[in-house]
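Asks: So the sequences go chain by chain: A and B.
Going by full-length UniProt numbering, the residue at position 290 of the first sequence is 290; the numbering climbs one at a time, nothing skipped.
Going by full-length UniProt numbering, the residue at position 195 of the second sequence is 195; the numbering climbs one at a time, nothing skipped.
Since the hints were derived computationally from the structure, they do not count as laboratory data.
Virtual Cβ for every residue (Gly too), placed ideally from N, Cα, C.
Computed cross-link-like contacts, DSSO-like style, restricted to lysine-lysine with a CA-CA straight-line distance of at most 30 Å: (1) Lys-216(A) to Lys-274(B); (2) Lys-274(A) to Lys-280(B); (3) Lys-261(B) to Lys-257(A); (4) Lys-45(B) to Lys-261(B); (5) Lys-43(A) to Lys-73(A); (6) Lys-239(A) to Lys-280(B); (7) Lys-261(B) to Lys-237(B); (8) Lys-216(A) to Lys-280(B).
Stretches of chain A that chain B covers, calculated by requiring three or more beta carbons in the stretch to come under 8 Å of a beta carbon on chain B: (9) 210 to 224; (10) 279 to 288.
Protein chains: 2
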Amino acid sequence: MGNQIKIGIIGAGAMGLLYAANLAEKADLTLFTRREEQANALKQKGISLIDNGTTKTIHINAVVVTDTAALSKQQLLIVAVKQYSLLEILPLLQAVPVETPMLFIQNGAGHLENLPLLGEKRTILVGISEHGAGRENDTTVVWRGHGRTKYSVYQGELDVSLEDWLNSVPDFPVEQHVNYLEIIQGKLFINAVINPLTAVLGVRNGELLENPEWHKLLDLLVEEMETVLPVQNGALKVKEICRVTANNFSSMALDKKYGRKTEIDGIVLPILEKAEREGKTLPTLRTLYHIIKGLEGESNV
Amino acid sequence: MGNQIKIGIIGAGAMGLLYAANLAEKADLTLFTRREEQANALKQKGISLIDNGTTKTIHINAVVVTDTAALSKQQLLIVAVKQYSLLEILPLLQAVPVETPMLFIQNGAGHLENLPLLGEKRTILVGISEHGAGRENDTTVVWRGHGRTKYSVYQGELDVSLEDWLNSVPDFPVEQHVNYLEIIQGKLFINAVINPLTAVLGVRNGELLENPEWHKLLDLLVEEMETVLPVQNGALKVKEICRVTANNFSSMALDKKYGRKTEIDGIVLPILEKAEREGKTLPTLRTLYHIIKGLEGESNV
Chain A
1 MGNQIKIGII GAGAMGLLYA ANLAEKADLT LFTRREEQAN ALKQKGISLI DNGTTKTIHI
61 NAVVVTDTAA LSKQQLLIVA VKQYSLLEIL PLLQAVPVET PMLFIQNGAG HLENLPLLGE
121 KRTILVGISE HGAGRENDTT VVWRGHGRTK YSVYQGELDV SLEDWLNSVP DFPVEQHVNY
181 LEIIQGKLFI NAVINPLTAV LGVRNGELLE NPEWHKLLDL LVEEMETVLP VQNGALKVKE
241 ICRVTANNFS SMALDKKYGR KTEIDGIVLP ILEKAEREGK TLPTLRTLYH IIKGLEGESN
301 V
Chain B
1 MGNQIKIGII GAGAMGLLYA ANLAEKADLT LFTRREEQAN ALKQKGISLI DNGTTKTIHI
61 NAVVVTDTAA LSKQQLLIVA VKQYSLLEIL PLLQAVPVET PMLFIQNGAG HLENLPLLGE
121 KRTILVGISE HGAGRENDTT VVWRGHGRTK YSVYQGELDV SLEDWLNSVP DFPVEQHVNY
181 LEIIQGKLFI NAVINPLTAV LGVRNGELLE NPEWHKLLDL LVEEMETVLP VQNGALKVKE
241 ICRVTANNFS SMALDKKYGR KTEIDGIVLP ILEKAEREGK TLPTLRTLYH IIKGLEGESN
301 V
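When you get a sec, could you build the whole thing from the sequences and use the hints?
Replies: Have a look at this one:
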């Protein structure tokens, strides 16, 4: 284990747990949690990964994210916290030596403007996850949809050995792409359509295609989005995701269901702001935005 | 009682029960129901009118609406069925002699186009109700908000004695106005904003002002509506109604809550169609429309 690459994953939500469980075998892995209680539980019990009905237990190391010494020891930090939690951990990340590369996998685009705060010389990778996952409890994650991780170099240079390592787990594919905006915009486009709609309606992704009225609404929303966020075959991509994740609730639908804060400001707000700068209006998206923002006020998150 | 004016009220939902309870003393009144079971219950128990915590029992006559002989005996028929039920009873109304005037109190404007089917020579009054009421069971209605009934002559001539009678119950004011479109548009404007919003959000009318995000949404919707439905001080009127009915659920919010068919096609569709004819778009209203129409499909009404 001493010769293995030291990988830190920050954030032990659904995504953090999923990445840790899948990458632990190929690395000397540490999972960084917000709460000490969760770190202790993970050290004792490991991660229970439920995939297609079978449960696998993966033993890992876990410490709280405020342990800056442990953070600084890593050769790569994969940041898997929710977009709206990034600002909170930014000071911790800034304290990590600029030699440590970081891979960010967040929904939306709201976090991009904060990345320069991590130092001009740091290698920063920006990625998205196409996996579906839900956290059951502090140590258990359900892998609902197998996907890929896509990333691009946002700034700096990626070490070849690190690049090779990222590609080393065949069952958990990680793909490098040239243009980070393309990756992020594609995911943003899909998320900005599926997430707010399913959250407002309280339904699974597949319903957006099956219900004729909601299908119309999806088409209207896609049409609107295309005026500000150019994504090739955006409508097709959105519908393909609805089809393959038909039985899943989107993260935003789940957040709304459980009265949690949603990622609406990371996903929808940057698009509304871009539209405003360009003198365009996205009234359907804006309607959904105000509905959800109002609900967040309601549940006092 | 033999000398009293013979008044028939068609529809024993919240509005029909409220009107029957308030007009019974001043008329030889018959309430026409869809179900024989309800007619029997009403004949036996009368109407229980709950107003501000106290219950009053009003004895009335009730028969099923298919009793065309009874329908034809009335000197005025007040039609208080939901807008979407009008088509169902149209053949029964057409069988009533053209000498019998009819007063329609429906939400929305969708029914206006069907009124000519009742005969060119019939006196037709078109009205709106500003009362708030909820039906508790077949014989019990709660008077939630005291308002007025406004009506205009849509076609024909209104007999003076009938006009006097309509004005004869001071606690249940009925006002004649010159322009029926003005009455209907004012109510339509208010309903098209408050009803779909509260139905989608599942909240009481007052929430639309109290929640800052939803207040913004209300403003956006009002702004949109003003481009196709000219109503003086529309925004002020909408907010005034939200204020005075702050603790009430709108009829559409209740219909959605209980999985019933809503009046969305009577209230919102005519406005969307008018906008389309005029080459305008009302994307916020259209979004709410598709959400609610889709929900109706969901509950299989």
